[in-house]
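Undergrad: Chains as they are written, first to last, in numbering that gives the first Met the number 0: chain A, 0 to 553; chain B, 0 to 553.
A few of these clues could be false.
As the list claims (entries may be wrong) - Below, in silico cross-link-like pairs of lysine-lysine (BS3-like), each with a Cα-Cα straight-line distance of 30 Å or less:
no.	chain 1	residue 1	chain 2	residue 2
1	B	K45	B	K123
2	A	K474	B	K45
3	A	K468	B	K103
4	B	K188	A	K36
5	B	K194	A	K302
6	B	K180	A	K20
7	A	K283	A	K194
8	A	K404	A	K382
9	B	K440	B	K404
Source of the hints: derived by calculation from the structure; they are not laboratory data.
There are 2 protein chains.
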Amino acid sequence: MTNQTMNLFEKHQNTLSTAVKALAERTYYTPYPENPKAYAEDADAKAKAWISTTMNNDFKGLKQTGETAWHGEEISPFLQVGVGVKYPIFSVDTLINNANTAQKSWSKTNANTRAGILIETLEKISARFFDIAYATMHTTGQAYMMSFQASGPHANDRALEAIAAGYQELTRYPEQVEWVKNFGKFDLKVNKDFKPVAKGVGLVIGCSTFPIWNTVPGLYATLITGNTCIVKPHPKAILPIAIVIEEIQNVLAENGFDANIVQLAADSSANPITKQLAENNTIKMVDFTGSSEFGNYVESLPKLTFTEKAGVNSMILDSVNDLQPVLANIAFSASLYSGQMCTAPQNIFVSKNGVETANGLVSYDDVVKGIAAAITGLVDNPKAGPGTLGAIQAEATYKRTNEAKNLGGNLVLDTKAIKNEEFADARIATPVVIEVNKSQKDIYNRECFGPVLFIVKTDSVEDSLELCKALVMEKGALTCGAYTTNQATKEMIAEEMNEAFVPVTFNFTGAGFINSHAAFSDFHLTGGNPAGNASFTNAEFVSKRFVWVGNRYM
Amino acid sequence: MTNQTMNLFEKHQNTLSTAVKALAERTYYTPYPENPKAYAEDADAKAKAWISTTMNNDFKGLKQTGETAWHGEEISPFLQVGVGVKYPIFSVDTLINNANTAQKSWSKTNANTRAGILIETLEKISARFFDIAYATMHTTGQAYMMSFQASGPHANDRALEAIAAGYQELTRYPEQVEWVKNFGKFDLKVNKDFKPVAKGVGLVIGCSTFPIWNTVPGLYATLITGNTCIVKPHPKAILPIAIVIEEIQNVLAENGFDANIVQLAADSSANPITKQLAENNTIKMVDFTGSSEFGNYVESLPKLTFTEKAGVNSMILDSVNDLQPVLANIAFSASLYSGQMCTAPQNIFVSKNGVETANGLVSYDDVVKGIAAAITGLVDNPKAGPGTLGAIQAEATYKRTNEAKNLGGNLVLDTKAIKNEEFADARIATPVVIEVNKSQKDIYNRECFGPVLFIVKTDSVEDSLELCKALVMEKGALTCGAYTTNQATKEMIAEEMNEAFVPVTFNFTGAGFINSHAAFSDFHLTGGNPAGNASFTNAEFVSKRFVWVGNRYM
């Protein structure tokens, strides 16, 4: 360690040890406030100015050289015009060669050096949270607050979590030990050292809806374990992660490291390079977030893979104390970022016998009407609707949502546009609610990405659970919500769903939403069901990226 | 937990916590003495009587029922006659159904219950160490002392290591936690629980040379994590592991558990059931020790796999203080169990410039002659030879060894039979030593299983290292030995070989042998090179067998 990197380790040692502790205790922790008001008063105004000058210009912040072209094709879902930023395009050979060169030095650093450097990058990134917020809005369609929180503090939390998990695993064995075996007449003494050896270059493939939040866990897990990383963003959502990589490269260069330890590998829809990169022998591990189809391809590669694919999240509505807060909670979970979160609920299983409440039974039909009314109440509220929904990222999602009524089933509430005062041209679609019979599996037993909610009429809560479990075993899920006041039912749902490796969130109302997964506490994905093989951040998410090797000396 | 299982946990709690501590500190630890003299004076005599009555009889010790036939085809390498023990044969359906039934209850037990039960089984197994020794001798051909140690205390150590590693991973997160997030005006409180959910039924496929040592890590790792296990032994080496399973089933039944939590799945060479079992959907994980060909098939299955395949272990001979102890050490490592250990050296890389010693340079030719002389000195010594060599397990190995002289290269020392006073008919082959040029890769760049040693003449130590590294990157290795008195050379060898995920053992003489991997300290395999994807016992070896699921409650 140089003095400089030693200083960075010492500077961030407290954050690191607090993070390691939080990860083990799984209690609430974040060093990055999620409230924009906690930051400089003029930060937002500066970021607004920044996004204006950034749009329609080349992105010059990277330290990578040797580009063969400049290209960009992002479209703002709020403006429905091109963002106009062009990014340098590099050949696969250039990216691979740079990564191989950088790997030689980075893999020789130790865990302390890397932890210091990497937490420093998070500090620098946090100074860009407002720029990142606008970059996220105008690529993903997330509303301002979500753009700020999900791409800013919450993403930094997940990155820090990966650093902490990595640090803990990298330091779990002594570097050196004297091993002594007594043979009666003499001792056999052997000196041993234990080294975590990096596996090699990683590739992280980003998605269009959460270009930072879903990228940084794999990116930082790859880096903390001594591997270099190529980040291949979705061509429609490059700007947010480009800022992150700019900041990481700056910190690396300032501390005497090869900036190519992390590279941005932008490509175009017309000339995608993802498979070329993923199949390259230099790439030893691939992190992926996106469709199940491409995710299955990634998993089929003969290398280490970490995937987050599609799933179908469900809720089981059995019994409640007070129905209204529950309906409001479901409505918000389904409307937040227009159902484009990987944790958004799609199927609501309700027994034909209705829902027991403290004030008596509410009929099935009234529950269905109540869900629709709660959604309408939320989206039609001009103070809540636009900021909850944001905009639809992709034209295909917009089309799918608007055509959902033709899937079959009974249309309870159609999608519609609402007015966004700030962005008149925003691509908006409120949730469509469709009631289906439990036998209509061809409709609801698959992911229908976007603001589409199916209410599935079942025979009983046991029936709901059986259908829900069978669905997640086949298609996977990131989460499952359940509302029940019955302890035995609660235990039954937890046991059955957990057996399918899906966590259950019970009786959330108020400020608790099924969609939110808190770093240091909630595992994002279990890695055990078809929705993906990774889990942010269990020990394996980092430990698979290096190999323990022990040498012996006499 | 019942009182009975609570008692077992309390009984073994000290052993468990000592094992967990040793695993972290990687210091010397064993609760099972490796010296037969540490056990009852009459234990050996009783075991001799036991093996006499066991041979040529049906093995009735299992609690499994519903067999379709009885079959056995083991041949004693020491007697070269059939062992004559027949084992119950079960249909794949019976095995799978039993495993599924047992899985339901076993997966609901907690880590304490399982740890108590499983350490109790090790205690019961330790009371059978002498029976196991004779069973191992007459199936594997290991000499008495190795049979006792490798299948007895050393295997129990590895089993305990897997239990300890599993216990540590299963208990690394709190079972319940209250998570509190402050929103300024109010606190959001969420109760969470964290559950390690077992992945399902495991299959452990054993090998013919180390039927217990290589089986119990996967078996106990599978069991401690809440999974049931089907053990498919090599048809030529069933008896040792049958005793282990008998003892496990006894402990399970005595404590009110389904004995089918562990099942013996014996088969025959004529009607193998391994692939049927491995491909069955019920089987969620497969542990395998054996050939690379079959191991590659196992790894290609769409399920969790842990493999130990073939590799080519090498030694690099550069410089020494005193050559004689080094030559004696190499001779012993190559002769121990006739080179049938997965950690036995095969290739000795020596520079054409010879070997520097404290007494001056020893020429390459003298080193070659010295290795041959050291082997001859060892095997021709009637007090050391038979007990070191043991017997050749398989006829194919015997044939390969005797035909090695025809591979090409320069025959330095041919294989021969030596006399074993106790077993006149033992299948014995002393190491054959062949000198090859570094260009003769078709000869030495592949595993030649058995007592076959290639001395590879290279241009320099750097050349030796380059050849050795390229070989292990292609073919894999469990270990690498090196002799050098030069610090820079030592670091260079460690760095290069570690980069290929192979550990290096430096300058072992006296009682230290490259072949030995000590539980709680040495990782057996790194999991990072083509010799296998498992590592006994890193955290992943257990953590991959279950899934963390966290539920949230309001």
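Undergrad: So which of those numbered hints doesn't the model satisfy?
TA: 2
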